[in-house]
Amino acid sequence: MSDDEPQPEQSVPPPAKPGPVRRVISRVRRPDRVHMAVLSQRVPYWFVAAFLFAFSVVQIELNPFGFSDLTQRYTQDIADLLITGPYFYGTEGRDKVSVALVDEDTLHSTQQPWPWDFGTHARVLDAILLDRPRAVVVDFLFVDPRPDPTLPQILQTIADYRKAGVPLYFEGGILLPYGEVPIRSEIARTGVPVLDPSIPVYNGVSRQYYVKAKCMSGVRPQPGGGCLSAAVQVFHDVYGGKYPLEPLNGDLELTWGTKSDPINAKWMTRTDENGARASCLDTTPPLKRIYLAFFDTSSVQNLCPYTGEIPVQSLLSGDVDDPDVVKLVRDRVVFYGGSLEGAQDKSYSPVNGLIPSVFVHAMAMDNLITYHGRPQQNVMTVAGTVLSNNPAQIAAIIPVILVLTWLHMQRLRRRRRMAAREGHARSATFEYFLDKTIEKVWHWLAFGLALGVGLLLTLASGLSVANWVEVVFVSVELAAMLLVGLPDSVWGYLHHVAAGQEPPEPPAGEQAA
Amino acid sequence: MKPILWATILPGLFALTLAATSAQAGLFGSSSSPSSDACSGSAGDTIIAARTDQVDLYADPQATRKVQTLDKSKFPTCTPITGRWPNAMLQVSVGGTKYWVEPHMVKYRLAKGAQPVCRNLAMGTNEVKAGATRGLGEGCPKTGGSH
Chain A
310 MSDDEPQPEQ SVPPPAKPGP VRRVISRVRR PDRVHMAVLS QRVPYWFVAA FLFAFSVVQI
370 ELNPFGFSDL TQRYTQDIAD LLITGPYFYG TEGRDKVSVA LVDEDTLHST QQPWPWDFGT
430 HARVLDAILL DRPRAVVVDF LFVDPRPDPT LPQILQTIAD YRKAGVPLYF EGGILLPYGE
490 VPIRSEIART GVPVLDPSIP VYNGVSRQYY VKAKCMSGVR PQPGGGCLSA AVQVFHDVYG
550 GKYPLEPLNG DLELTWGTKS DPINAKWMTR TDENGARASC LDTTPPLKRI YLAFFDTSSV
610 QNLCPYTGEI PVQSLLSGDV DDPDVVKLVR DRVVFYGGSL EGAQDKSYSP VNGLIPSVFV
670 HAMAMDNLIT YHGRPQQNVM TVAGTVLSNN PAQIAAIIPV ILVLTWLHMQ RLRRRRRMAA
730 REGHARSATF EYFLDKTIEK VWHWLAFGLA LGVGLLLTLA SGLSVANWVE VVFVSVELAA
790 MLLVGLPDSV WGYLHHVAAG QEPPEPPAGE QAA
Chain B
57 MKPILWATIL PGLFALTLAA TSAQAGLFGS SSSPSSDACS GSAGDTIIAA RTDQVDLYAD
117 PQATRKVQTL DKSKFPTCTP ITGRWPNAML QVSVGGTKYW VEPHMVKYRL AKGAQPVCRN
177 LAMGTNEVKA GATRGLGEGC PKTGGSH
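As given, the protein sequences belong to chains A and B, one line each in that order.
Using our numbering, read the first sequence as starting at 310 and increasing by one per residue.
Using our numbering, read the second sequence as starting at 57 and increasing by one per residue.
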């Protein structure tokens, strides 16, 4: 029998109908695209919302590739450089905090090698006291029990401060070998408050400040255990009556000011990247600042510190009558610290670059004063419950998801109606521009919604921009996913695979249309 | 003008003139720097008077050995500075004996003025730029832009 001959029909058995599992596998491997497209147009509201919510949770909670953290911190830096620092951060704190800095030039001009003896520190502190500061914090560690005949001078200085009613604080050593005391026992025995100078650093940049710290000596522990960190303790003691400190449950999110104290500009200059000497007062026009902040961030940074700086050289020379020195000391909290190559204590600030760490303490103090004891934090407290920033962001994004999903469903419905209409075809050019317009409006709508939610969080609970900005980025991602119809396609595929039904008939109403 | 008006205005003008003169002389305000005519008879570097209630006298410029403490009233005025140390300590003769005193405890005047304190910040490093006069920023190199 040749192959060309027709086969009798009754000799071929009908193909066996595959079982349900094989049919599912078959649909997984070779889905019916037409069926999927129809099903995707009928995605239910709950699925889109759940899909977006799941994506948001993964993005925010699991921090894939460090994207979430990087976004937060990068935005915090840009906000400090571009918006908050130059335009919104007030100068109340700047006018009440100063830094007396020992630097290499001080050592050079006074021909005194480091470390100084206690007598020299006592001279500086005595000179500061003459101009009546509000409080003084010594940001040097006096841990080593080296012999020093001038030790009684610093003890006398502590007594003089006490007599004058000016609070004086010392800082203690941290991460010391077992058995090492954080400060010399002679100083500790005076009862002077000794504070923990720890500074949190994230990826090498100082953007936060601890609220709680290790208890050392001379400081009363907090009811919940532990003691307050250096700047927070000083603020509590010095300004607590005027600006009661709100309960702080997380870390402070530092806002870095960019407008350097005008007195700094009198005696300090900076060299820009071209080697030209520039003033410490930043006069970059707003539009140029915006451009530079995005494309050449380092050029917008100002090496001059925000906090007013008192040259210790002037204090040692007894220039306590200099009007600028008087202005920088009187009624201010003075942080006395150093910037020395031989004793590395520097931090990277988003708006300055590498600066002495004493300015981080000063900036935390500045924030506390400027925000009247309600600094920006990385947590929010709702009805007595402390939420870290991740749950807060997830909660914040829910209304954004609900609104975007509702708008998306409206768009799908309208599209189905338009498809059912015949004779209403529009030109390709019109369709192109309409699509592009909708796309832009859609993204900005998501951006605006999330921004509104974030600003509400800041105003209502003091949550820092760094801790809600992820909501904005995720919202725009969600908008993009809705625009390309990702949740719809996933629904179409899953529904097709699971149910495998024929495309449903369009509703009667749409048929009529 | 009526006498009653003169009676009102004249005391006011007088008070204003007095206040302006006093302010110029440094009677008001925060500055208590020695006026230029204090100890005008003393040429050269001079300690004008004690600033603090007590002045410590040291035997060495490193201020490691305190010899005695003098009350403000007993500290000599318009005394020449007989020596200066790089750490800014001042040498003075009290009762025929030379001692070192801490500059912040006394008001003093330098005939040639002191070096200004200036800094130029460049990528985290400082460069010393010396000038000619005393005080924050006086004599420091000027830059473009506002100050």
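By construction, these hints were calculated from the structure, which means they are not laboratory data.
Just to be clear, a hint being listed does not mean it is correct.
[Unchecked claim] Using 27 Å as the maximum straight-line C-alpha spacing, the simulated DSS-like pairs for lysine-lysine come out as follows: (1) A:Lys-472 - B:Lys-130; (2) A:Lys-472 - A:Lys-551; (3) B:Lys-198 - A:Lys-597; (4) B:Lys-198 - A:Lys-636; (5) A:Lys-575 - B:Lys-168; (6) A:Lys-472 - B:Lys-122; (7) A:Lys-523 - A:Lys-568; (8) B:Lys-198 - A:Lys-568; (9) A:Lys-575 - B:Lys-198; (10) A:Lys-568 - A:Lys-472.
To see whether the hints hold, each was checked on the structure:
no., hint, in the structure
1, A:Lys-472 - B:Lys-130, "23 Å, holds"
2, A:Lys-472 - A:Lys-551, "23 Å, holds"
3, B:Lys-198 - A:Lys-597, "24 Å, holds"
4, B:Lys-198 - A:Lys-636, "22 Å, holds"
5, A:Lys-575 - B:Lys-168, "22 Å, holds"
6, A:Lys-472 - B:Lys-122, "21 Å, holds"
7, A:Lys-523 - A:Lys-568, "33 Å, violated"
8, B:Lys-198 - A:Lys-568, "19 Å, holds"
9, A:Lys-575 - B:Lys-198, "9 Å, holds"
10, A:Lys-568 - A:Lys-472, "36 Å, violated"
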